[in-house]
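For reference, the chains in residue letters:
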Amino acid sequence: MHEEIIMAGFGGQGIMSIGQLLAYSGMIKGLDVSWMPSYGPEMRGGTANCTVIVSDSRIASPLTSKPDSVIVMNLPSQDKFSPKVKEGGLVVTNSSLIDKEVEREDLEVIKVPANEIANELGNTRVANMIMLGAYLARKEIIDLDTVKESLTSVLPERHHDLIPLNEKALDRGFELVNEEVTV
Amino acid sequence: MHEEIIMAGFGGQGIMSIGQLLAYSGMIKGLDVSWMPSYGPEMRGGTANCTVIVSDSRIASPLTSKPDSVIVMNLPSQDKFSPKVKEGGLVVTNSSLIDKEVEREDLEVIKVPANEIANELGNTRVANMIMLGAYLARKEIIDLDTVKESLTSVLPERHHDLIPLNEKALDRGFELVNEEVTV
Amino acid sequence: MAEKKTVEKKVVFDEERCKGCELCVDVCPVDIIRMAEDRMNSHGYQPAEVPDEDQEKCISCTQCYQMCPDVCITLYKENKKD
Amino acid sequence: MAEKKTVEKKVVFDEERCKGCELCVDVCPVDIIRMAEDRMNSHGYQPAEVPDEDQEKCISCTQCYQMCPDVCITLYKENKKD
Amino acid sequence: MAERVLMKGNEAIGEAAIRAGCRYFFGYPITPQNDIPAYMSRELPKHDGVFLQAESEVAASNMVYGAAGSGARVLTSSSSPGISLKAEGLSYIAGAELPCVVVNIMRCGPGLGGIQPSQGDYFQATKGMAHGDFHLIVYAPSTVQELVDLTYKAFDTADRYRNPVMVLGDGMLGQMMEPVEFMEPLDPADLPKKEWATDGAKGRDTNVINSLALAPEELEAMNKKLENKYKKVKANEVMHEEYRMEDAEIAVVAYGTSARISIKAIDMARERGIKVGLIRPITLYPFPEKEVAATCDQIKKYLTVEMSTGQMIEDVRLAVNGRRPVEFFGRLGVVFEAEEVLERLIAMGGEIQ
Amino acid sequence: MAERVLMKGNEAIGEAAIRAGCRYFFGYPITPQNDIPAYMSRELPKHDGVFLQAESEVAASNMVYGAAGSGARVLTSSSSPGISLKAEGLSYIAGAELPCVVVNIMRCGPGLGGIQPSQGDYFQATKGMAHGDFHLIVYAPSTVQELVDLTYKAFDTADRYRNPVMVLGDGMLGQMMEPVEFMEPLDPADLPKKEWATDGAKGRDTNVINSLALAPEELEAMNKKLENKYKKVKANEVMHEEYRMEDAEIAVVAYGTSARISIKAIDMARERGIKVGLIRPITLYPFPEKEVAATCDQIKKYLTVEMSTGQMIEDVRLAVNGRRPVEFFGRLGVVFEAEEVLERLIAMGGEIQ
Amino acid sequence: MKKIASYPDSLTEKHFHYCPGCTHGTVHRLIAEIMDELDIREETIGVAPVGCAVLAYEYFDCDMHEASHGRAPAVATGIKRVHPDKVVFTYQGDGDLASIGTAEIVHAANRGENITTVFINNAIYGMTGGQMAPTTLEGQKTTTSPYGRNLKEAGNPIKMTEMLSALDGPSYIARVSVHTPKHIRKAKKALKKAFQRQLDGRGFTLIEVLSTCPTNWGITPKDALNWLEEYMMPVYPLGDLKDIEEVE
Amino acid sequence: MKKIASYPDSLTEKHFHYCPGCTHGTVHRLIAEIMDELDIREETIGVAPVGCAVLAYEYFDCDMHEASHGRAPAVATGIKRVHPDKVVFTYQGDGDLASIGTAEIVHAANRGENITTVFINNAIYGMTGGQMAPTTLEGQKTTTSPYGRNLKEAGNPIKMTEMLSALDGPSYIARVSVHTPKHIRKAKKALKKAFQRQLDGRGFTLIEVLSTCPTNWGITPKDALNWLEEYMMPVYPLGDLKDIEEVE
Ligand SMILES: Cc1ncc(C[n+]2csc(CCOP(=O)(O)OP(=O)(O)O)c2C)c(N)n1
Ligand SMILES: Cc1ncc(C[n+]2csc(CCOP(=O)(O)OP(=O)(O)O)c2C)c(N)n1
Ligand code: SF4
Ligand code: SF4
Ligand code: SF4
Ligand code: SF4
Ligand code: SF4
Ligand code: SF4
Ligand SMILES: [Mg+2]
Ligand SMILES: [Mg+2]
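Residue numbers (the working numbering), protein chains in the order written: chain A, 926 to 1108; chain B, 926 to 1108; chain C, 18 to 99; chain D, 18 to 99; chain E, 1113 to 1465; chain F, 1113 to 1465; chain G, -17 to 230; chain H, -17 to 230.
It is worth saying that the hints were derived from the structure and are not from the lab.
Among the hints, erroneous ones may be present.
[Unchecked claim] Under 10 Å between C-beta atoms, here's a sample of chain E residues computed to sit facing chain G:
1. Thr1143
2. Asn1146
3. Arg1154
4. Glu1167
5. Leu1224
[Stated by the list, open to error] Per label pair, the in silico range of CB-to-CB distance:
6. Lys(-15)/H / Thr1077/B: 54 to 64 Å
7. Glu1451/E / Ala1301/F: 50 to 60 Å
8. Glu1455/E / Glu1451/F: 51 to 61 Å
9. Met215/H / Arg983/B: 50 to 60 Å
10. Arg1272/F / Ser963/A: 34 to 44 Å
11. Ser1078/A / Glu1451/E: 33 to 43 Å
12. Glu1065/B / Lys1402/F: 41 to 51 Å
Note that beta-carbon positions come from the ideal geometry of N, C-alpha and C, so glycine has one too.
Produce the entire structure from the sequences given, and follow the hints as far as they go.
Below, the structure written as structure tokens:
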């Protein structure tokens, strides 16, 4: 197994956190993982993205030019990264903020109304977890329980009260896809 | 013609000046010349020396490990440099301050009571010129007149009133040797 | 440059420059500046605005102009008045 | 260290350290310090000295010691006096 | 074995230093290594250590000079322009033969340049850091685990040779997260006492920390001593790694981030039947000269891969010494992709046939 | 032709700079180059120029940066430790593509070292001066006349390539006196106007002096531009001299003071029938690589002679590329004598037979 | 309708890259207005720092010269000595001016270098992500003072401007703030006076501007203005610190 | 006979390399006597500058650490942070402290670094052969101010000590002179107080000592003392510039 994912969105949408959560979960599963942020002059606002690689063998480059999957939370990110996805790869897109279609026929696209669901759950900030849940439902590289367990280690202590909410968000994203698939 | 001379003495004895004077005189005679001071941490007091080379062909190194001649104005300088002189070379030594013999049989040694003569002339500071005069009498690489002419160019302007005295000192040194030789 | 505006606006915002910092809002003595809720500029910021109906109320104190760190505001005044 | 001196000197110079700067000469209130004219140390300096006959005149004011930049001077005082 | 933790390269450096018994950090902020001072300012006080943000890199390197001279294990870190400002201080530290560890998380120059990862400071790190004949010992990690291991080792190497050791990373290594395992922490109290340190001459002769030698012979002696030390370093401290070299006909030579990306390219090339392997210098000074030379009989062509316009290639060429062609692939300002290296390897593979 | 004057190397540099139209000097005292600032402080006011003693070498190099950026011909000089402090500034100057001339009258390092002549800053001057992929163009005069000629030329080269040029001498060259002839002085008013300089945007678009490129592509473009420039420099600016090479079997490669002493040694060796000549690089960057390589068919052995532990030898070996052995003779802290080189040449001569 | 306040000519059209509410923009505008009013845009060379204002050269519509971090006064000195008849200013942050660039500002000030320095004191390193500056307040948390600035370890917030006022070279030194329209107007007055002094050949001038960094202070732009007033102003009192009225 | 004044224990036997009449030696003696009197020779680490006192490590019989030019306060900071219970002093010339080392002394002072700085102001660069220092007087001729220091070009003689006194960190700052026995005694008192302050953990102390450089001033040692009194003292008035008596 070797999965390369790029996650992207506005700064503040929690992109870096779900990247770290996925990487951490991979690690405790005994896999090799890497997390690489794009850092740039736009430390102030703008878009943020990171690359996560999860693999059962040694990871060479922590970068990828052809990711297996992308999780995009805003339009500029979808525009920028969906063209890079490997043929037949996966795009998980935040349909709450993006109403443009992905312009490639060969990709699998999962639309997640992440902000809406998050608002339903009472906190827009967990939209990222809904996206990750959806992704995990489709790509079973790590089981959801491991990811939930990892929350304590990845979230800063001052946010630990939000762990139940984050778990719920992961579940909702996960269920959304499973429903779609099974329904 | 290729002459390598080391001149040495206490700081303040005017060693650097007679070196420059000789080099300058060589230059206006159309010869290649170089003047190389030893500079060291002992900028304050201690001994000073310089190497002058006068040659009718291109001078390679401005340093010499085997000078043809040395002009030494104090004992430490005689001790340090007379062993380095080329076999059969020349030592012009300031007998006013040095009463030790040069410990080599193969060298020609000219003893110049430079301080005494300078005092006679009314200014100890021209002892250096007396030494140079003596040297020039023995090694006729440059005529005395050229050296005298050079004084205006080499001495700083504020000392130009002393030119006649310096000329006299050169003469006295020169005569001293010529007398010795002729007498 | 042509100074003509369709509505005789006294307070004009360069919405693309605006970063929604709200500093102008607080400083207006007649409280006519508000954040546009219905639109975002291309950088994702909700710009400040003075609704057309409030334009008249501007007393030309220039406080908003002074305060705006992004120099988004142009202010006009009726010629006749002075 | 043995403090015994052949002549009971009150002002002793470390002549090898002395650089002949003459600062001690000027500062002595009883004018007993002079530069030795008859000798040079190994660095070529004529050292300062207080002639034996003047040693007694020293009033132990320590001015010379204070002033000497090369710390050449050791001063003694008769024990009885104080 | 210790548990694996997921950690940013920069922070891992900080933790490794603390575990190596380092209790003193002097530095000045600069992107992309700011997590190191941030980590140290948070963690050192917990170990009764001292974090001090210096007024500049010049001051930082002289604080390191003082702390090292008085016997401490001490760390400083910076990125390219800041390292240039430490140059004089490092020359003094090397001249006075003091141990310390300096981290350079390289960004792209020259001048202010940009904050993109780069390997453009190779020459500076390995050859011309500052005036005079001295060398830093330079480690070039390529994973976060190696950042940890080599930072830890750096303190020991520095102490053994009384010489500054540089850990040379780049913005990518510093910013990325990978799982790492840490070694047991050392208690600084257990480290051997440095008899030469200026820590107060209680009951002993005084110590002097110094790089001045006014007399020519002393100056030469000081330099000879250094030269002999570097000979020892060359004989004993070379580290390198080989990857898929057994039957390789082409060898990529690359370090750090470039080596990681090259491995990916090599795997892809191997899939296409191109016999290519990797020689990865882990110490850049001393450079694995003999180790590269030893492959010359087997290898037909070398490709040096760097994020620069070509610096390490000189050391590779010196090692190969004309026996085989040495080519270069590099980009600057942007991190290249494995595919770009692959393309080059395919071309080289073609030429060999 | 102008008359010959007897002049100290350092002062001759100052005079040559003034004749080249340089009217600005920013520097900080350091032995053994103090005659340069002294000369400039005395002479520049006579030409309505500005001599400013900066608060440090760091400040001096940034004053040069500003003066160069605003269009002036400007000089700074220092010696080894001071040059290390100019490193960051020089990287900025090179990054912003500005012309200026920097003199390094080398003394022996590392650290405070001593003030004896040395060639220990070769690596720094030619390769690793500071962070990032840039180069100084480096001239290595070996006589006072050449100090004059190359300093004069340096200003022109700097302007043509918009790149800092270093004149690399050593304490011996700086302190010695030799006869020199000077060229006619240039009037700065006659120099072509620098359209890119920040001298006030009167009636034109604004100018910006800068080395920042935040976007990766821009950063790469900036570096590519520099790389192309250096290619041009390599193609057009190499200078070297050969001495008694016609029938030589051994070639000494040496620059500056070492070359002078080597010439004496070569003459002595020739008297003993040893066929030896000299290759003297006059530009150290660009190094006369092709020129050295061209002698490989004829030469059986090379001897690199330096006042260092061996730095230029790497460039010589890169040029020779394994075709012939390259040996090294060097001393540090003391200036070696011709006899020492001769001894080595006799040994090499013996081996060749 | 008459335009009574609008975008100054001496700013380019480029949008500032500063964070929402960051007062760097405010000060940029003031300087540009002064260039307009004194009609010196074509005579002026600005020196940009390394700090958040590193891109200042994209905004000021005059010739601009980037400096290395902290060395703007040295760069400006180089420029001014070549062009004594031009207006030269530096724009520097507190890390740039009060930390790494201490020697350069002290000596430019002491030389009475005829330049104007605009010193943006926001009590933090903005550009590098919020490290402690020499001007950071006691107890203030930053990424390198995570437990709050400890005076025992890091010393007091440095009073650069007071210190520089002890020198003979400067002709005008003042501290201003930009947290209210009124203060902004005063700030402009001080800045204009400084530029005018330079035009009059009167030597070194420096205006310290108390500024905000909402991003790294971790508060809203509005709260940042309040924080400035409540916490910074007592430590850095406003006013003229040095003002040598007449010459000779 | 009782010895009433003699060579201090805390000096080695080495002869000073200073020129005849140079007051560097005087100050060395005072420091050594203070080490003797406070019995701290074995607790003290001195930091030598680059300047004529570069060889100070050969004279002081305590642990000595050479600094790079101007950076002694940074080196001392490194040492002191590792050994807060030891006595650390720097000994610096005016080129070292007031020119190249400006940033380091300002920040050590501002941090209240618990070290003592002895600042030898001789209005010139002694070691390098007499260049202008930032402290060189108006009109004073040096090798780099051959026409006399010109205030327009080079600025006023810098008042480093006054400037540092404007900072919060220092606990004691004074200017003394060593041109008469009386002044020398006062100088010692000030120096001793500074060392004592350090022992009491009271933070940064600095004593500026007006000194002579007969060699580069080109006059006799005796004339040098007069020159100091006549020309330097009016520009650099003696006295305590800062003295924070009690703590907390
Ligand atoms: C030599 C060097 N050291 C460090 C840096 C990193 N750096 C860039 S800006 C900066 C400080 C910014 O703070 P400040 O000057 O206060 O400006 P602000 O961003 O707050 O406006 C630092 C440390 C650098 N670019 N160069
Ligand atoms: C980086 C660096 N720059 C310059 C020098 C040369 N240098 C040595 S001492 C000195 C100044 C000496 O003057 P000062 O500090 O006043 O001490 P003094 O000799 O007068 O006691 C200088 C410029 C140096 N060694 N290193
Ligand atoms: S000018 Fe004054 S009244 Fe008008 S909108 Fe601005 S703040 Fe309000
Ligand atoms: S102050 Fe300016 S940037 Fe802020 S909200 Fe108002 S108009 Fe927009
Ligand atoms: S102690 Fe006083 S009286 Fe005695 S010799 Fe010295 S200066 Fe003169
Ligand atoms: S003061 Fe000291 S050095 Fe000077 S003459 Fe007197 S004893 Fe000698
Ligand atoms: S980081 Fe701070 S100083 Fe920089 S632009 Fe943002 S708010 Fe302004
Ligand atoms: S040069 Fe001046 S400061 Fe240095 S030792 Fe001589 S007199 Fe003293
Ligand atoms: Mg700031
Ligand atoms: Mg001095």
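Query - Hints that the structure is at odds with (numbers, increasing) - result: As far as the earlier hints go, not one is violated by this structure.
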